[in-house]
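Asks: Here is how the chains run, residue by residue.
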Amino acid sequence: MDIAGDVKQAQKGNLHAFERLIQTNKLIMYQVAKTILTNDSDCADAIQEAILKAFEKIKTLREPGYFRTWLLRIVINECNYIHRQNKKVIEIHERMAPLTSSEENGYEKVELEQLLESLPSEEGSLLKLYHIEDISIKDLAEIYQKPENTIKTWLRRARENARSIWEEQEGYQWKSGSRN
Amino acid sequence: MEKWEQELIKQVNTPLPEHVDQRIHLTLNHLKQNHKKPTKLRYIAAAAAASLAISLGLSAVNPNFAEAMRSLPLIGSVFELVGHDGLKRGSQLRLAAEIGQEVQIGEQRVTLTESLYDGSSIHLGLVIHPPIDENEPTSIVNDIVFTIDHKRPSNLGYGFSMEKLKDGTFAGTLSIDVEERLPDQFLLSLLSSDETKTYAEIPIERQGGYQSFTIDETRVWNAIEVNYESITLFPTSTQLALLFRNTSSPFWEIQVSDDRGRRLRPTGGRGSSHKESGSYTYSFEPLETIPKQLTIKPYFSSIDTSNKTRAVWKGVPVTLSQGMAGSVTVLDQELVNNSLTITYEIAGEGVFEQARHIWLEDSKDIPIHSDRPPIRIQGTDSYQLTFSNISNTDSISICTPQINIHYLQDLEVTVDLKS
Numbered sequence: 552m553d554i555a556g557d558v559k560q561a562q563k564g565n566l567h568a569f570e571r572l573i574q575t576n577k578l579i580m581y582q583v584a585k586t587i588l589t590n591d592s593d594c595a596d597a598i599q600e601a602i603l604k605a606f607e608k609i610k611t612l613r614e615p616g617y618f619r620t621w622l623l624r625i626v627i628n629e630c631n632y633i634h635r636q637n638k639k640v641i642e643i644h645e646r647m648a649p650l651t652s653s654e655e656n657g658y659e660k661v662e663l664e665q666l667l668e669s670l671p672s673e674e675g676s677l678l679k680l681y682h683i684e685d686i687s688i689k690d691l692a693e694i695y696q697k698p699e700n701t702i703k704t705w706l707r708r709a710r711e712n713a714r715s716i717w718e719e720q721e722g723y724q725w726k727s728g729s730r731n
Numbered sequence: 025m026e027k028w029e030q031e032l033i034k035q036v037n038t039p040l041p042e043h044v045d046q047r048i049h050l051t052l053n054h055l056k057q058n059h060k061k062p063t064k065l066r067y068i069a070a071a072a073a074a075s076l077a078i079s080l081g082l083s084a085v086n087p088n089f090a091e092a093m094r095s096l097p098l099i100g101s102v103f104e105l106v107g108h109d110g111l112k113r114g115s116q117l118r119l120a121a122e123i124g125q126e127v128q129i130g131e132q133r134v135t136l137t138e139s140l141y142d143g144s145s146i147h148l149g150l151v152i153h154p155p156i157d158e159n160e161p162t163s164i165v166n167d168i169v170f171t172i173d174h175k176r177p178s179n180l181g182y183g184f185s186m187e188k189l190k191d192g193t194f195a196g197t198l199s200i201d202v203e204e205r206l207p208d209q210f211l212l213s214l215l216s217s218d219e220t221k222t223y224a225e226i227p228i229e230r231q232g233g234y235q236s237f238t239i240d241e242t243r244v245w246n247a248i249e250v251n252y253e254s255i256t257l258f259p260t261s262t263q264l265a266l267l268f269r270n271t272s273s274p275f276w277e278i279q280v281s282d283d284r285g286r287r288l289r290p291t292g293g294r295g296s297s298h299k300e301s302g303s304y305t306y307s308f309e310p311l312e313t314i315p316k317q318l319t320i321k322p323y324f325s326s327i328d329t330s331n332k333t334r335a336v337w338k339g340v341p342v343t344l345s346q347g348m349a350g351s352v353t354v355l356d357q358e359l360v361n362n363s364l365t366i367t368y369e370i371a372g373e374g375v376f377e378q379a380r381h382i383w384l385e386d387s388k389d390i391p392i393h394s395d396r397p398p399i400r401i402q403g404t405d406s407y408q409l410t411f412s413n414i415s416n417t418d419s420i421s422i423c424t425p426q427i428n429i430h431y432l433q434d435l436e437v438t439v440d441l442k443s
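Chains A and B, in that order, give the protein sequences. Using my numbering, you'd call the opening residue of the first sequence number 552 and step up by one each time. Using my numbering, you'd call the opening residue of the second sequence number 25 and step up by one each time.
So that you can see chain A by itself, here it is in the shape it has in the complex (with noise of 0.2 angstroms):
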């Protein structure tokens, strides 16, 4: 597929270079859209919008090979949008659901719900986003407008406070006799 001659056909209005683009990436921007939202509505809405936004704004792009890191940052500033408005609704939801037992979710999906919890939020979406399969190191250098170096130095720390996370919650787990 010619991205860099879609992005400029789309960036003379035409709609199916804009819409051949989406399609490419249509699954990478719910995978990101999920990594910031729960639910699969607000994923739809992020979507929804950051495709019209990017339609807006396609024109203001100067490189068409960073379309992808484009697009994916657009996703990302509607996801952290739709969070904010969504914050105080979420925290009422999550104090009246119930709470969700192991047993029905695997021990593996609890503990790494809390592992992600527990890390400090930037590195809990970094690591989300760097285990995204299609998504680079240099890619999030994009997301992020920073360099290599510092994604990488960023991504050592992530992963090492969430390796002692994990390792305090399987010792945890084996203190208190829950886990086989």
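Keep in mind that the hints are not guaranteed to be accurate.
Using 27 angstroms as the maximum straight-line C-alpha spacing, the simulated DSS-like pairs for lysine-lysine come out as follows [what the hints assert, rightly or not]: (1) Lys-559(A) <-> Lys-188(B); (2) Lys-332(B) <-> Lys-388(B); (3) Lys-559(A) <-> Lys-388(B).
Restraint ranges, calculated between C-beta atoms of paired labels, are given here [as the list claims (entries may be wrong)]: (4) Ile-314(B) <-> Asn-631(A): 47 to 55 angstroms; (5) Asn-246(B) <-> Tyr-632(A): 22 to 30 angstroms; (6) Tyr-632(A) <-> Lys-34(B): 26 to 34 angstroms; (7) His-634(A) <-> Asn-428(B): 31 to 39 angstroms; (8) Arg-708(A) <-> Ser-254(B): 53 to 61 angstroms.
Computed footprint of chain B on chain A; a stretch qualifies when at least three of its residues, placed anywhere within it, have a C-beta under 8 angstroms from a C-beta of chain B [claimed, not checked]: (9) 571-579; (10) 591-605; (11) 682-688.
Worth flagging that the hints you see were computed from the coordinates, not collected in a lab. Only a predicted model underlies this, so the values are computations on that prediction, with no experimental measurement involved. All residues carry an ideal CB built from backbone N, CA and C; glycine is no exception.
Since the structure of chain A is already known, use the hints to place chain B on it.
Replies: Okay, now just chain B, sitting in the frame of chain A:
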């Protein structure tokens, strides 16, 4: 790799859920009909429908109007030249009022030719003179602020339909929608974006009658509540007003058909939402007579371009399957001055959706898309779609995807109009 990382990889690399995919598809579809999305009020512009016939002039001609119109490279009404079916009808019913005013908007010279307001949208006819940014002939509107009786409406949306004429001039219609109810007479002003300069002041008066039918029926699907409020028959459009709850946007399309099974062509929509509720008005082509019943069916459609059907034109009609939605029969193709026009007839569930999804492919399977919407041949389910920059038709295939229509039957409602 550590266990938590393996779990994280599993968690973040999830497939795209179907309903999110459908929202993406619907957004792209809506975008195809949109030229601008204002902050709150979403407005879907009417699809462009050009007419080859230029008929009927305006009924009364004043000297300024005549002078302005003399400078134009067209004869007759812009509404009838480039307007959608409703505007053509409104113009033919002589509901349009002349403007004939030439204005300078930034670097661009524009002639405002006519206006039409029948209680639904405010329509303006205009001609944009060269030199013009051909990639974005509608960009002039970015520098315009609209006021009604000298006040800025709280929510305003607009859409364009634009055609390029032979001499490089663009003729178009600008349709403006405001959320609040408008008086029968008002002054529409076009100001510069900093509001220091007045480009034009246009007295508008509502013309023609309309008939409104209360529906007040509520339907529920997946906890989403839809209250159909009313359907109003204007001379230029049929408008369905509804309220929705428990969803942030009305992400479905709506099919309206009469008791004889004739489907109304959708021409746009507008609405606003706040958190998990909102209101929306869907516009369709006008009805010439009042039917006994109208059936309203919300639906999703999914387009599978990877599973396409294709055919090469060999001088006889050929039918291509469009999946569950129906089929398209190619009736003719004509190559004139490097423009290839395909004439085709649609049969099936999603006529208007089906008509839009036609493209060409060359001998290397490179897709060639049209840069304009299909034009319906009035009174039929046949359309014409033109592709530019085609030098010859050797090895050119006509392609269409598989289209699946998913009706939301729980949201369906039938309205008696003659009871």
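Asks: Confirm or reject each hint.
Replies: Status of the hints after comparison with the structure:
1. Lys-559(A) <-> Lys-188(B): holds (22 angstroms)
2. Lys-332(B) <-> Lys-388(B): OK: Lys-332(B) and Lys-388(B) at ~15 angstroms, within 27 angstroms.
3. Lys-559(A) <-> Lys-388(B): holds (21 angstroms)
4. Ile-314(B) <-> Asn-631(A): 47 to 55 angstroms: holds (50 angstroms)
5. Asn-246(B) <-> Tyr-632(A): 22 to 30 angstroms: Holds - the Cβ-Cβ distance for Asn-246(B) and Tyr-632(A), about 25 angstroms, lies within 22 to 30 angstroms.
6. Tyr-632(A) <-> Lys-34(B): 26 to 34 angstroms: holds (28 angstroms)
7. His-634(A) <-> Asn-428(B): 31 to 39 angstroms: For Asn-428(B) against His-634(A), whose Cβ atoms are near 33 angstroms apart, the range 31 to 39 angstroms holds.
8. Arg-708(A) <-> Ser-254(B): 53 to 61 angstroms: holds (60 angstroms)
9. 571-579: holds (count 4)
10. 591-605: holds (count 9)
11. 682-688: Result for this restraint: holds, n = 3.
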